[in-house]
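Model the full assembly from the supplied sequences, consistent with the hints where possible.
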Amino acid sequence: MLFSDGILAGRKLMKNSAWAVLAAFLWVAMPAGGDPGDERILLARDAARSGDRNRLAINAPATGHVLDPYPEYWALSNLISRPSPDFDPARIQDFLERNAGSWLAEKLRSEWLRSLGKRGEWGSFMAEFSRLEQPDQEMRCYHHQARRQNADPAVLGEVRPLWFSLVDTPESCVPLLQALASEGLVTPDDMWMRIRRLMEAKRLSGARAVASWLPAEQALGPSDLEKASTNPSTWLDRQPINFAASRQGRELALIALARLSRDDPMGAYLRYARIDERFSAAERAYALGQIAWQGATKLLPEAHAWFKAAGDTPMSDEQAAWRVRAALRAGDWRAVKLAVEAMPVAQRDLPDWTYWQGRADQALGNKDAARQAFERLAGHPTFYSILSDEELGRSFRLPDKARSISEDEAQRVRQTPGVQRAVALFRLDMRTEGTREWNWTLRNRDDRFLLAAAQFAQQLGIYDRAINAADRTRNEHDYSLRYLAPYRERIEPNARSRDLDTGWVYGLMRQESRFVTSARSGVGAQGLMQIMPTTGQWIAGKLGMKGYNVGWLRDPDTNVMFGTTYMRMVLEGLDNHPVLASAAYNAGPGRAKRWKDVKPLEGAIYAETIPFGETRDYVKKVMANAVVYSTLLEGRSPTLKSRLGTIAASNGAVGGDMGSPAPGAGLE
Numbered sequence: 003m004l005f006s007d008g009i010l011a012g013r014k015l016m017k018n019s020a021w022a023v024l025a026a027f028l029w030v031a032m033p034a035g036g037d038p039g040d041e042r043i044l045l046a047r048d049a050a051r052s053g054d055r056n057r058l059a060i061n062a063p064a065t066g067h068v069l070d071p072y073p074e075y076w077a078l079s080n081l082i083s084r085p086s087p088d089f090d091p092a093r094i095q096d097f098l099e100r101n102a103g104s105w106l107a108e109k110l111r112s113e114w115l116r117s118l119g120k121r122g123e124w125g126s127f128m129a130e131f132s133r134l135e136q137p138d139q140e141m142r143c144y145h146h147q148a149r150r151q152n153a154d155p156a157v158l159g160e161v162r163p164l165w166f167s168l169v170d171t172p173e174s175c176v177p178l179l180q181a182l183a184s185e186g187l188v189t190p191d192d193m194w195m196r197i198r199r200l201m202e203a204k205r206l207s208g209a210r211a212v213a214s215w216l217p218a219e220q221a222l223g224p225s226d227l228e229k230a231s232t233n234p235s236t237w238l239d240r241q242p243i244n245f246a247a248s249r250q251g252r253e254l255a256l257i258a259l260a261r262l263s264r265d266d267p268m269g270a271y272l273r274y275a276r277i278d279e280r281f282s283a284a285e286r287a288y289a290l291g292q293i294a295w296q297g298a299t300k301l302l303p304e305a306h307a308w309f310k311a312a313g314d315t316p317m318s319d320e321q322a323a324w325r326v327r328a329a330l331r332a333g334d335w336r337a338v339k340l341a342v343e344a345m346p347v348a349q350r351d352l353p354d355w356t357y358w359q360g361r362a363d364q365a366l367g368n369k370d371a372a373r374q375a376f377e378r379l380a381g382h383p384t385f386y387s388i389l390s391d392e393e394l395g396r397s398f399r400l401p402d403k404a405r406s407i408s409e410d411e412a413q414r415v416r417q418t419p420g421v422q423r424a425v426a427l428f429r430l431d432m433r434t435e436g437t438r439e440w441n442w443t444l445r446n447r448d449d450r451f452l453l454a455a456a457q458f459a460q461q462l463g464i465y466d467r468a469i470n471a472a473d474r475t476r477n478e479h480d481y482s483l484r485y486l487a488p489y490r491e492r493i494e495p496n497a498r499s500r501d502l503d504t505g506w507v508y509g510l511m512r513q514e515s516r517f518v519t520s521a522r523s524g525v526g527a528q529g530l531m532q533i534m535p536t537t538g539q540w541i542a543g544k545l546g547m548k549g550y551n552v553g554w555l556r557d558p559d560t561n562v563m564f565g566t567t568y569m570r571m572v573l574e575g576l577d578n579h580p581v582l583a584s585a586a587y588n589a590g591p592g593r594a595k596r597w598k599d600v601k602p603l604e605g606a607i608y609a610e611t612i613p614f615g616e617t618r619d620y621v622k623k624v625m626a627n628a629v630v631y632s633t634l635l636e637g638r639s640p641t642l643k644s645r646l647g648t649i650a651a652s653n654g655a656v657g658g659d660m661g662s663p664a665p666g667a668g669l670e
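Heads up, the sequence shown is in our numbering, so the first residue is 3 and it goes up one at a time.
If a hint is listed, it holds; no wrong ones were tucked in.
For lysine-lysine, the following DSSO-like pairs were computed, each having C-alpha atoms within a straight-line distance of at most 27 Å: (1) 300 - 643; (2) 601 - 643; (3) 601 - 310; (4) 310 - 369; (5) 109 - 120; (6) 204 - 229; (7) 310 - 204; (8) 623 - 643; (9) 120 - 204; (10) 300 - 310; (11) 643 - 403; (12) 623 - 300; (13) 369 - 643; (14) 300 - 229; (15) 403 - 623; (16) 204 - 300; (17) 300 - 601; (18) 623 - 601.
Each pair of labels, with its calculated beta carbon distance range: (19) 637 - 173: 49 to 59 Å; (20) 551 - 525: 16 to 26 Å; (21) 366 - 553: 55 to 65 Å; (22) 406 - 169: 41 to 51 Å; (23) 384 - 180: 36 to 46 Å; (24) 91 - 136: 16 to 26 Å; (25) 64 - 152: 36 to 46 Å; (26) 245 - 153: 44 to 54 Å; (27) 64 - 637: 48 to 58 Å; (28) 352 - 547: 37 to 47 Å; (29) 204 - 637: 44 to 54 Å; (30) 91 - 445: 24 to 34 Å; (31) 434 - 553: 21 to 31 Å.
Hint data in this document are derived by calculation from the structure and do not stem from the laboratory.
Cβ coordinates follow ideal geometry from the N, Cα and C atoms, glycine included.
This is the structure we're talking about:
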């Protein structure tokens, strides 16, 4: 474990007085090493996972361990989910008071409020809700329900915006949406709009619920939505000539066209063209907007024209983003500018669209407007900020390093209970719980606390949390913590031997694992460079290594060797272009090739128009990271714009995935 690596490193440096203080603290205050209480915590966790209340009760009583609240929380959480006849709610209140302000108190309070909301115990709910620090949408809807039970006349007016924005709808919100419909606060047009949006997002059950609230003259049959969306091409081809005579018929046809466009935008457009005159102008615009959206995500050149034909039809944020991306691929800067300006203000002000609006203004000769856009973004180590600085003629510069952490500041962090619990959880390999404790404890902290916490985590070898803490600072920064470069003795020789840019290797690794050697993604990618088992086997074969075992990927040296070998292979197979190779590392070389255009494409536009949101974000972060790491490690860096370069035109032969899947998907 990384924690153990940190302790071993600390022992080697015991002559240093700071490490002596740290080591003493770890062994005394944080039950490090062989604290017998650790076993009780692990036994209680296993009992909680299996639902064994008796075993959990045996291990729940406090013994002075820093993690004592956990077994008690697990026991109470179990009782909330499956209350016994003699359950006393006072136990919940007692725990919440004794652990006020902690992550576990927030979590237990949320579970208790959910239980109260489901049972409709609104008095108790209202008494407790105000103490919840970070209510999610489910809790907020329960709160609205409670207020409505108290005859608060303002509730439905406050809830109404959810009708137009909420797609993933918690159960607690459904009665409120139904009340909007039954009390006439939304129109049938609003209902059809919501049905469309839910169907676009593949939320069939939610769409059915809204359809059941339609007025009788527009009612749908129980399986109409499912039939129109399950096999949309067949459904459309079989529609009678008079299908458009009713609102239901037209809406189902629009839903079928939208669903078909998800798999076959051109097929959807051809079917639309045969029946377009049967729709109203607004309905035609909606259909074209759907087809254009899905065509853009598949990088079809026709998508740009379809978006133009859709006019000013209302669009989701995702659709609006793809309208800009289609215009970028088409090289139509006027359309880029208009598409950004048509976005809602909150979306338009995001760095992505501020930058592209600046680029559009620049291309159209509006130099003052372009400069203002770039100035709003400049000065940060992010993709669009670095590009904006470069458009202003400035290269990326590291900010002044924050002053050193004092012993008092370090002690303040070490003595914080949430930090102590997080470190103990990491020591017990309870990474999920440790990460939540850490993140919760660092909320709303000042820069000095964050930097001291980052330094502490670095000393312990908990590198992902060190980065996490340093990333949060607002005014004082330490980029040597924000962009850690551990394992240099492993990483840099591998990078040099494969002629790889070290900044790019570190930038990719930071995004993949945050330097957690034991990191494992949800799809099974492992280690510092997040290698998938099948990819590891493929690399081993290419290197002539016999007897491959997936356990090899857990060895940091082998993991780095495999990862850098793969980087070199995909780089050579993809025009020696780091943008393409970064996309390939995340999504596979075949996809990286398919995302090219028939004409040369600016690297930033290629990155912006990657169809997979995860890969798009990943490539931007890796490339920005590379600039920062090169500046940190070498004192200078090629510009981000030169790194992004130009993506050569596709030759039409996308091939396969070079015999290999992508190594991994990256971690946050």
